[in-house]
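Trainee: Build the full structure now, drawing on both the sequences and the hints.
One-letter residues, chain by chain:
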Amino acid sequence: MTETPREPDEPVQSPAPAPRGVEPFLFDGLRPRDDDSAGADGAASGPGPADSPQRAWHRLLRAGSPRATRANVLAMVLAGALGFAIIAQVRQTSLEGLENLREDELVRIFAGVDQDGERLADEIRGLQTSLELLKSQSTNEAEAQRAARERLEALGILAGTVAAAGPGIVLTVSDPDNKVDAPTILDTVQELRDAGAEAIQINGERVAADTWFADTENGLSVSGSEVRPPYVIKAIGDANTLAGAMEIPGGVTATVRRVGGDTDVQIEDEVKVDALLTPTSPQYARPVPTPTP
Amino acid sequence: MIPAIGLSLGIIIGLLLQPAVPVWLQPYLPIAVIAALDAVFGAVRAILDGIFDDKVFVISFLSNVIVAAFIVFLRDTLGVGAQLSTGVVVVLGVRIFSNVAAIRRHLFDA
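If you read the protein sequences in the order shown, they are chains A and B. The first sequence stops at residue 675 when you use our numbering, and every number in between is there. The second sequence stops at residue 138 when you use our numbering, and every number in between is there.
None of these hints come from the bench; they were simulated from the model. The structure presented is a predicted model; accordingly, all values stated were derived computationally and were not measured. Glycine is no exception: its CB is placed at the ideal position from the N, C-alpha and C atoms. Incorrect hints may appear among the rest.
To be verified - Covered stretches of chain A, as calculated for chain B (at least 3 residues, CB under 8 Å):
#1 434 to 443
#2 461 to 469
Said to hold, decoys possible - Interface residues of chain A toward chain B, partial, derived using beta-carbon atoms under 8 Å:
#3 Met458
#4 Gln474
#5 Ala547
Mentor: Following this line, the structure appears as structure tokens:
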């Protein structure tokens, strides 16, 4: 209000018309104090002007009202720098890592990290133990499965439920007069088994543990199936032993020849016993559980 | 009003630019900011006291910042530790509070 009228650009071009910013306040009857106590270094509440709050507000507004004085420009620049610095510092603080922490805080964090590490190491150990446990269990299981499969195959061959192949002999018993009877064939089978035959079939019928033979009009009944001569008996086993067993004096060949038939033994590297039996579950017999070792 | 605008302008620019404080400035900036704040409050109080002088404001602002930075530099060089910074912050804090108290008395008469 009492400000002396100025050219808008005067403050910028003329650097030194003495304490310009202070001039308006002379209205309040105040002399500027010496430089050190003015401005930022406002002295400890000296005998300030006894003005009312209203006038104080007024003065503040006036000082802050947009005028192109150097004071305002400088104040704006400095305030802007201050705001910028505050934001930069705030951001820096939020980004800050460990380097500005105090020693006890660092010790605390270190102890926490240490504890975490131990806990995680414990966890790793536990997980490794269970991993090894599971691994050994699965290998055990695979082992057991393999053993069971082998056992199944062996039992399947024994029971006649799976086809078998291997070295052995093919014994052909020709019987033009139908004189070869069931006991002879049974003897032959027993002879083959004695010689180590592992799988036997007669024509299309597999011979297993419970196979039986009976005479019929035109040939034989093998477990109820009609089989006619010539009987082709395939046996898997050690071929030479089997062939030798057929030829022993008073054995199969001799018996068959005596009743008018003939035998022919072929040793083969690959004999296929592919006739199958349907497994039957026993009606009365029950397995007795054996104590596991 | 103008300083307030300047302050908000600086804050906005800072938010937009996301400035990274250079490493060599990192120890000095926090104390410098406090010192500058002290200068600003002192200036407001001087305005209310009717003794504001722009030259004094600028010089005191800059000298506050420089002295604060120098003290931090001294602290780091002499190995005094964080205590010196704490002392500076306490002193500046006391000054800021007393200035704010004077401003309050002017503006609210309380």
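Trainee: Determine for every hint whether it applies to the structure shown.
Mentor: Right, here's what the structure says about each hint:
1. 434 to 443: Held - the stretch 434 to 443 of chain A has 7 residues with a Cβ nearer than 8 Å to chain B, which meets the minimum of three.
2. 461 to 469: Three-residue rule met by the stretch 461 to 469 of chain A, so holds; n is 9.
3. Met458: Holds. Min distance 3 Å.
4. Gln474: holds (4 Å)
5. Ala547: With a closest approach of 81 Å, the Ala547(A) hint is violated.
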